[in-house]
Structure formats: structure tokens, C-alpha cells
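*Asks:* In case you want the letters, here they are:
Protein chains: 2
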Amino acid sequence: MKLFWSSRSPFVRKVMIAAHELGLADRLECVPVVVALAQPNDAVMAHNPLNKIPTLITDDGQTLFESGLICEYLDALAGGERLFPTGPARWPALRWHALGTGLLEILILWRSERMRPDGQRSDAVLAALGRKAAATLALLEQEAAAVAAAPVTIGPVALGAAFGYLDFRFTDLPWRDGRPRLAAWYATFAQRPSMQATAPHD
Amino acid sequence: MKLFWSSRSPFVRKVMIAAHELGLADRLECVPVVVALAQPNDAVMAHNPLNKIPTLITDDGQTLFESGLICEYLDALAGGERLFPTGPARWPALRWHALGTGLLEILILWRSERMRPDGQRSDAVLAALGRKAAATLALLEQEAAAVAAAPVTIGPVALGAAFGYLDFRFTDLPWRDGRPRLAAWYATFAQRPSMQATAPHD
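Protein chains in written order, with the working numbering: chain A, 1 to 202; chain B, 1 to 202.
These are computed hints drawn from the structure, not numbers from a lab.
Beta carbons are placed, not taken as given, at the ideal position from N, Cα and C, and that holds for glycine.
Careful, some of the hints might be misleading.
Said to hold, decoys possible - To give an idea of the interface, some chain B residues facing chain A are shown, with a C-beta separation under 10 Å as derived from the structure:
{"no.": "1", "residue": "Gly-61"}
{"no.": "2", "residue": "Gln-62"}
{"no.": "3", "residue": "Gln-196"}
As the list claims (entries may be wrong) - A few chain B positions that, by computed beta-carbon distances, are all more than 12 Å from chain A:
{"no.": "4", "residue": "Gly-23"}
{"no.": "5", "residue": "Ala-150"}
{"no.": "6", "residue": "Leu-173"}
{"no.": "7", "residue": "Arg-176"}
{"no.": "8", "residue": "Asp-177"}
{"no.": "9", "residue": "Arg-181"}
{"no.": "10", "residue": "Ala-190"}
Using the sequences provided together with the hints, build the complete structure.
*Replies:* Written out as C-alpha cells, the structure is:
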């Protein structure tokens, strides 16, 4: 399979963490690309008109995109129901996945708003994004013991990708302060081989 | 169940179309709220720190968010595997869901960029969003016959919500021009009772 990939994309990282957890990482041929909100990449656009990575081209020629969908496809390839459990365990896993992915979306908008040229930035947007990120971290601190006790599903995988991105792109944000349980969970999770093998870099 | 709801949100509409298709619409108590990118809503934030709607509070007190996850939860409540099939039929359904949802995300960013105050708008961002929307519509025109032949899964539901939003918020964009198959599919789909019951309005 071919994966449009970047070492800097946290959504790509989510897929790569999943692939390592599932023992499928060596089945992925990673094609490095650069995508940006304001600058569509022709090679990516030819397969995914949303111009987003990760984009997967499967061995039978299907093009799949959206990081959660790619993770679920890889889970099925590996036999199924490991990262995406069925039954009642499915909802907390997918809810944490939605929280981790939603936090990443906030962080990416926040960073891109920060990087706009002078005069094009909106203080109201910056403040709203900061408040939402803080509220999401506060909720996750409350749930950190439950995350730590849960099996490694797509939920913790998405949270791992989100905290890795905080450490990579928001070094000025002391997100561990006042959130000792979350910090402890991530310190342990970050030691997993799937996390170690996928550390972001410029 | 309680659903934080707005008649204007296409992601809420996706959930409501799904609920009508599944015969569950009368199980949802819709709570009208207003959310905006730059203006967090305290009532929503108390349940969903991402400040997004739809947000669902289930009968057993779980809070679920992210429109796709809520749709999958409703599908399971209704017996399962109708809007989210299992087996090989799952991937085209989820891929169209990703295309419809991704198109909506582009349209919402595009609209909010258009509505920024003078001087805060980025021409590069506006151009990139327009190009991605056009490319997504072009791909869907190629696939319109396959969409029309497929069962009504979460894929067509998401596409229906996206085209409904185009007609609601982008009246200046003649998206049917040059896309006869897509226009014909939507003309038929828009007649479904689930679509008729959920038309957006200000």
C-alpha cells in the first residue's frame, strides 16, 4: 500500500502509530509530500481532492482518506476489532478518538491562525481556540485514569498523536501543568515502540 | 436522548437525516443552540469541550460528539449495519462519507474566510478552498452513477447534507453546471422524507 506521508503531520502519525500497533508498518510505502491549507499539492490532489494527508492507496487500487477511516481499514486488514472494538467497548474508544482528533483540529487551526501575516490574524479566533484546547485538556485530565486502564484502541492512539503534536508545535504551552494524571499517562504511552518509531521532526 | 442542535448546521443535519432514515427521529429531543468558530457556547462547552454540534447526550448519560460517531451510534441503536454496513461494502460507504464530510469542512472554512472583516481575509486561502471544493465536486460527478446505484448508507447521507448546504449557503455557486449526473442524483435524493424533514433555514 502507498501512503501519502509527512513526518510533521499528526494525522499521518496517528495512522503510523496504528500501523505499528497492528504490525502492518512494513506494508506501507510512505511517499513524502508537503501539504498546506493555502497551497494544494498536485500529487495529493490527483488522488484526494480534499488535499489532505494521510491518503492511502490500497493494494487493490482504492484511494482512502480521513485518518480514522484509514486506521479502521488497517485494523480490518490485521484481522479486525483490535483498535476498533465492537460492542459496548466501541463507544468510549471512538469518543476518545473524537476528542484526540478534535483537539488536533483545534491545534492546527490555532497554529495556522498564529502564523498568518500581521493584520490577518483574528484575536477572537485565537482566544476561542485557546479556550477550547484548555477545556479539552481539562476533560482529559478527569478521564486520564480511565484512559490508562483501557486497552490500546484507536482512542489512546489518537490522544498519543495529539500530545505528541503539542510537544512538537506548542513548546510554549506548558500543557502538563496542573494535569498530573494526563502527563503521567502520556509519559508511559510515549514509551511504546509505536510512538518511538513515529516521532515527528522537521 | 438530547441533541444539541441547529437548523443551520449541516453536521447536525447529517445526524437528523440519519435519524429519520433509521426511524429514530422522534427519540431525539433537539436543544437549539448557536455555536460559532470565534464564540464558544457555554452550554455546549459544558458537555463538549470542542464546542461543536451535533453533541448527543445518550439515555444512559454518555456524551458523544463528532457527527459520524453519533450516526454510527444511532445505527447501532436501530439494530446496526444499515447506514454502516460491515464487510467490503463498508469502505465505499465510509469513503463517500469522508468525501461529503470533507467537502462540508471546506465549505465551512470557505464561508468563514469570506465573512472575515476586510483586511483579515487571505486570498491564498480563499483560492485554495475554492480549488478543493471544485475538485471534490468533479470527482463526485465521476462517481455519481455508483452513488445512485448504492444503498442509502452514511455515504449518500453525508453527500446529501453537503449538497443541501451548498444550496443553503453558496447560492452564488452554480455547482450543478457541468455536473449533470451529480445534479440528477441529488434531485432524486433530496425528495426523500429524511431530506424534506430536515431542510435548513435561518
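*Asks:* Next step is simple, just say for each hint if it's right about the structure.
*Replies:* Hint check:
no., hint, verdict
1, Gly-61, "violated (12 Å)"
2, Gln-62, "holds (6 Å)"
3, Gln-196, "violated (29 Å)"
4, Gly-23, "holds (21 Å)"
5, Ala-150, "holds (15 Å)"
6, Leu-173, "holds (16 Å)"
7, Arg-176, "holds (18 Å)"
8, Asp-177, "holds (18 Å)"
9, Arg-181, "holds (16 Å)"
10, Ala-190, "holds (23 Å)"
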